[in-house]
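Please model the complete structure; the sequences and the hints are all you need to start from.
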Amino acid sequence: DQQVKQNSPSLSVQEGRISILNCDYTNSMFDYFLWYKKYPAEGPTFLISISSIKDKNEDGRFTVFLNKSAKHLSLHIVPSQPGDSAVYFCAASKSGANNLFFGTGTRLTVIP
Amino acid sequence: DAGVIQSPRHEVTEMGQEVTLRCKPISGHNSLFWYRQTMMRGLELLIYFNNNVPIDDSGMPEDRFSAKMPNASFSTLKIQPSEPRDSAVYFCASSLDGPAIYGYTFGSGTRLTVV
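Protein sequence lines correspond, in order, to chains A and B.
Using our numbering, you'd call the opening residue of the first sequence number 1 and step up by one each time.
Using our numbering, you'd call the opening residue of the second sequence number 113 and step up by one each time.
Don't take every hint at face value.
[As the list claims (entries may be wrong)] Listed below are the simulated BS3-like cross-link pairs for lysine-lysine, each with C-alpha atoms no more than 27 Å apart in a straight line:
#, chain 1, residue 1, chain 2, residue 2
1, A, Lys68, A, Lys94
2, A, Lys94, B, Lys180
3, A, Lys54, A, Lys68
4, A, Lys37, A, Lys68
5, B, Lys136, A, Lys37
6, A, Lys71, A, Lys54
[Said to hold, decoys possible] Here are some chain B residues the structure puts well away from chain A; computed CB gaps all over 10 Å:
#, residue
7, Glu126
8, Arg134
9, Arg153
10, Glu156
11, Pro173
12, Phe177
13, Ser178
14, Lys180
15, Lys190
16, Pro193
17, Gly215
18, Gly219
[Stated by the list, open to error] A few chain B residues that face chain A, going by a derived Cβ cut-off under 7 Å, partial list only:
#, residue
19, Ser143
20, Gly154
21, Tyr160
22, Phe203
Hints were generated in silico from the structure; no laboratory data involved.
For each residue, glycine too, the CB sits at the ideal point set by N, CA and C.
Set out below in structure tokens:
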């Protein structure tokens, strides 16, 4: 059963606007969340993370928001750039665990 | 550092044949993970090793799949016999020991096509 879900397989955004990618999880034991970015023919690369003790983490144009009560997190990219076009994976882990649970990914297209 | 190195990049094989995927983790990393990417399930964990010892292989689909890590710098994922439904991109990743919060470094993947 999919414990991490990304219900939007794709998203298109105009350059300069905000991109919002969403992720839901079902396991309340998850306490650390990560976003990975994947370009074609490459492996996923780490983008940004957040601990469950926080509700927001910001790194440049990228901000991740966590709503623990709703078991929901989102990644905001502002402003969006054509180079941001990629597949974005949400991932979650539990304290002490050494494995990540990934979602199915959202393909972001930023239109110049 | 060359990163996580996977070979081959692409593999096309006939149903029933044996397939071996290879991975060299980042030097010094002592956790290694094999993932499979499909449209339906995204990135699903097949197996992971810590200090060359398999820790969790519950994601291995069936007995046709096996993985080994004979030393800290090499791992293989073998499918025997292969079936068309095994067609996917297989990723290897490595990390330093500890919680997954530090993230993994992924290889570029092996695209497997079974015809």
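Results of checking the hints against the structure:
A distance of roughly 14 Å separates the Cα atoms of A/Lys68 and A/Lys94; the hinted pair therefore holds under the 27 Å criterion. At roughly 25 Å between alpha-carbon atoms, A/Lys94 and B/Lys180 fall within 27 Å of each other, so this suggested pair holds. Of the pairs offered as hints, the one joining A/Lys54 and A/Lys68 holds, with about 9 Å between alpha carbons and a cut-off of 27 Å not exceeded. Proposed proximity of A/Lys37 and A/Lys68 is supported: the alpha carbons are some 23 Å apart, at most 27 Å.
Pair hint B/Lys136 plus A/Lys37 holds up; C-alpha atoms about 22 Å apart against a cutoff of 27 Å. Between A/Lys71 and A/Lys54 the CA atoms are separated by roughly 13 Å; this keeps the pair inside 27 Å, and the hint holds. At the 10 Å boundary, the C-beta of B/Glu126 stays outside the reach of chain A, the nearest C-beta of that chain being 24 Å off. The beta carbon of B/Arg134 is kept farther than 10 Å from every beta carbon of chain A, the shortest such distance being approximately 15 Å.
Taking the minimum C-beta to C-beta distance to chain A, about 7 Å, the non-interface status of B/Arg153 is violated against the 10 Å cut. Look at B/Glu156: its CB is around 7 Å from the nearest CB on chain A, not clear of 10 Å, so calling it non-interface is violated. Interface exclusion of B/Pro173 from chain A stands, the closest Cβ pair being 15 Å apart, more than 10 Å. At roughly 17 Å, the least C-beta separation between B/Phe177 and chain A is larger than 10 Å, which holds for a residue marked as non-interface.
Every Cβ of chain A is farther than 10 Å from the Cβ of B/Ser178; the closest lies at roughly 19 Å, confirming the non-interface assignment. Distance check for B/Lys180 against chain A: the nearest CB is about 19 Å away, which clears 10 Å, and the non-interface claim stands. Distance to chain A confirms B/Lys190 as a non-interface residue, since its nearest Cβ pair spans about 21 Å, more than 10 Å. Every C-beta of chain A lies more than 10 Å from that of B/Pro193, the closest at about 27 Å, which supports listing it as non-interface.
Not every CB of chain A is more than 10 Å from the CB of B/Gly215 (nearest about 4 Å), against its label as outside the interface. Non-interface status of B/Gly219 relative to chain A is broken: a Cβ of that chain comes within 10 Å, the nearest being about 5 Å off. The beta carbon of B/Ser143 is positioned within 7 Å of a beta carbon in chain A (closest approach about 6 Å), and the interface hint is therefore held. A hinted interface residue such as B/Gly154 counts as satisfied when its beta carbon comes closer than 7 Å to some beta carbon of chain A; here the least separation is about 3 Å, so the hint holds.
Look at B/Tyr160: its Cβ gets to within about 6 Å of chain A, closer than 7 Å, so that hint holds up. With 7 Å as the threshold, the beta carbon of B/Phe203 comes within range of chain A, its nearest partner Cβ sitting at about 6 Å, so the hint holds.
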